[in-house]
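Each of the two chains sits in its own frame; use the hints to bring them together as a complex.
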Amino acid sequence: AQKVTQAQTEISVVEKEDVTLDCVYETRDTTYYLFWYKQPPSGELVFLIRRNSFDEQNEISGRYSWNFQKSTSSFNFTITASQVVDSAVYFCALYQTGANSKLTFGKGITLSVRP
Amino acid sequence: DAGITQSPRHKVTETGTPVTLRCHQTENHRYMYWYRQDPGHGLRLIHYSYGVKDTDKGEVSDGYSVSRSKTEDFLLTLESATSSQTSVYFCAISDMRIGNEKLFFGSGTQLSVL
Numbered sequence: 002a003q004k005v006t007q008a009q010t011e012i013s014v015v016e017k018e019d020v021t022l023d024c025v026y027e028t029r030d031t032t033y034y035l036f037w038y039k040q041p042p043s044g045e046l047v048f049l050i051r052r053n054s055f056d057e058q059n060e061i062s063g064r065y066s067w068n069f070q071k072s073t074s075s076f077n078f079t080i081t082a083s084q085v086v087d088s089a090v091y092f093c094a095l096y097q098t099g100a101n102s103k104l105t106f107g108k109g110i111t112l113s114v115r116p
Numbered sequence: 006d007a008g009i010t011q012s013p014r015h016k017v018t019e020t021g022t023p024v025t026l027r028c029h030q031t032e033n034h035r036y037m038y039w040y041r042q043d044p045g046h047g048l049r050l051i052h053y054s055y056g057v058k059d060t061d062k063g064e065v066s067d068g069y070s071v072s073r074s075k076t077e078d079f080l081l082t083l084e085s086a087t088s089s090q091t092s093v094y095f096c097a098i099s100d101m102r103i104g105n106e107k108l109f110f111g112s113g114t115q116l117s118v119l
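Sequence order for the protein chains is A and B.
The number in my numbering is simply the position in the first sequence, starting from 1, with 1 added.
The number in my numbering is simply the position in the second sequence, starting from 1, with 5 added.
Treat the hints loosely; a few may be bogus.
What the hints assert, rightly or not - 20 Å max Cα-Cα, derived EDC-like pairs, lysine to aspartate or glutamate:
1) K58/B - D100/B
2) K107/B - E60/A
3) K39/A - D43/B
4) K107/B - E45/A
5) K107/B - E11/A
6) K107/B - E77/B
7) K108/A - E45/A
8) K16/B - E45/A
Claimed, not checked - Sample of chain B residues facing chain A (criterion: CB under 7 Å; computed from the structure):
9) G47
10) L48
11) L50
12) Y53
13) Y69
14) R73
15) M101
16) E106
17) L108
18) S112
19) G113
Claimed, not checked - Computed beta-carbon distance windows for the label pairs:
20) T10/A - K62/B: 24 to 30 Å
21) T79/A - D43/B: 24 to 30 Å
22) S74/B - D19/A: 47 to 53 Å
23) T73/A - H15/B: 41 to 47 Å
24) S43/A - G8/B: 15 to 21 Å
25) T91/B - I61/A: 37 to 43 Å
26) E57/A - T20/B: 45 to 51 Å
27) A8/A - D43/B: 15 to 21 Å
28) K71/A - S72/B: 36 to 42 Å
29) E64/B - E45/A: 18 to 24 Å
30) S74/B - S113/A: 40 to 46 Å
31) I61/A - T18/B: 45 to 51 Å
32) E18/A - V93/B: 25 to 31 Å
No lab work stands behind these hints: they were computed from the structure.
Even for Gly, the Cβ is constructed at its ideal location relative to N, Cα and C.
Next comes chain B alone, as it looks inside the complex (with noise of 0.2 Å):
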């Protein structure tokens, strides 16, 4: 399995908090990406990095930021959380070499906004 981590696994927070969730990985890959995953959605993207302080927006991007000053860190910052970020986020890296193309996925973190 490739070495990706996300912390917190869980969280529970107030609307107007902010909140970071961290995603670790071990492999050096260049791409790294934060998607957020709803029923009747599917996986969405949120923000993606393909290189340490090289971020770019993805289809859901409002209200959310990112920052990548490691290679091997992703966070994803939420300045004032909503209920409507109420959600599973995944964290995915990749470093799409040739023949080696695909993305590796971490467990998850399931954010409450109450």
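Excised from the complex, chain A in its bound form (with noise of 0.2 Å):
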């Protein structure tokens, strides 16, 4: 069984300031794929990045970035120098392959960003 934890369940921030969301998963599989999607007010799920378990380079996206561990299992998410419209709902997912593949999410970390 897979299972995907975000520990954090509220995180308030004032703007500018840098903020990690942390995201521990557990599976079986050797090949997966985790996930990290943001959900704001609006309520629409928005696709931020996918990193497969072979790949474990760090990745940068402008303010956002990606830290991926095999070693401990996470793959924690940095956003750096926070903004107000960063507020959401953020989720972490772990994707497991083969035929029959399906998507498990963490339960969510409501980031709130404070002007």
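So this is what it looks like as structure tokens:
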């Protein structure tokens, strides 16, 4: 069975602070994918990043960066110099490959960025 | 944006009535999924489909059934709606081709069972 744990439920920061959202996963598969999605107050789910299990390179996209560590089964997401528009619920998810592929989500982290 | 449409967007119904939610895609993707989102639970998989007439249960499938008679449509049915099924329902699609592995989500359906 696979599982995604987002231990932080709510985080509140002041604008321009850096913030890290934690994600820990469990799987027995050797091939899998990890995702982060953003859900702003409008409700849609916005894809942010995908990482496969064979690629442990960290990634940076503007103010966003992701740290993937297989040794600790973690895929953490950092927002640098946070902005009010970053306020949203952020979900980490694990994709199980194979014939019956499916995506398992964590419970989400509500991030509030105050001006 | 991926061509995925959920209908209806909002629905209010009474306990005991049947309800069907529709997910329609124009991407010809093989995989389709139904999730429900509830506070404190994140998104939980109800049912999914990996091809026409090929479906399987997710973690919260009790009280729900699905059908996929065409690639483009995936229907979620609540045979007899209960108040515990009040939720936001999201449909998702993916093809998971190598190098293009990602899920696209519809805009969601807010279902209220009174």
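Could you check the structure against the hints above and give me the numbers of any it violates, in ascending order? Of the numbered hints given earlier, those the structure breaks are 5, 13 and 14, listed in rising order.
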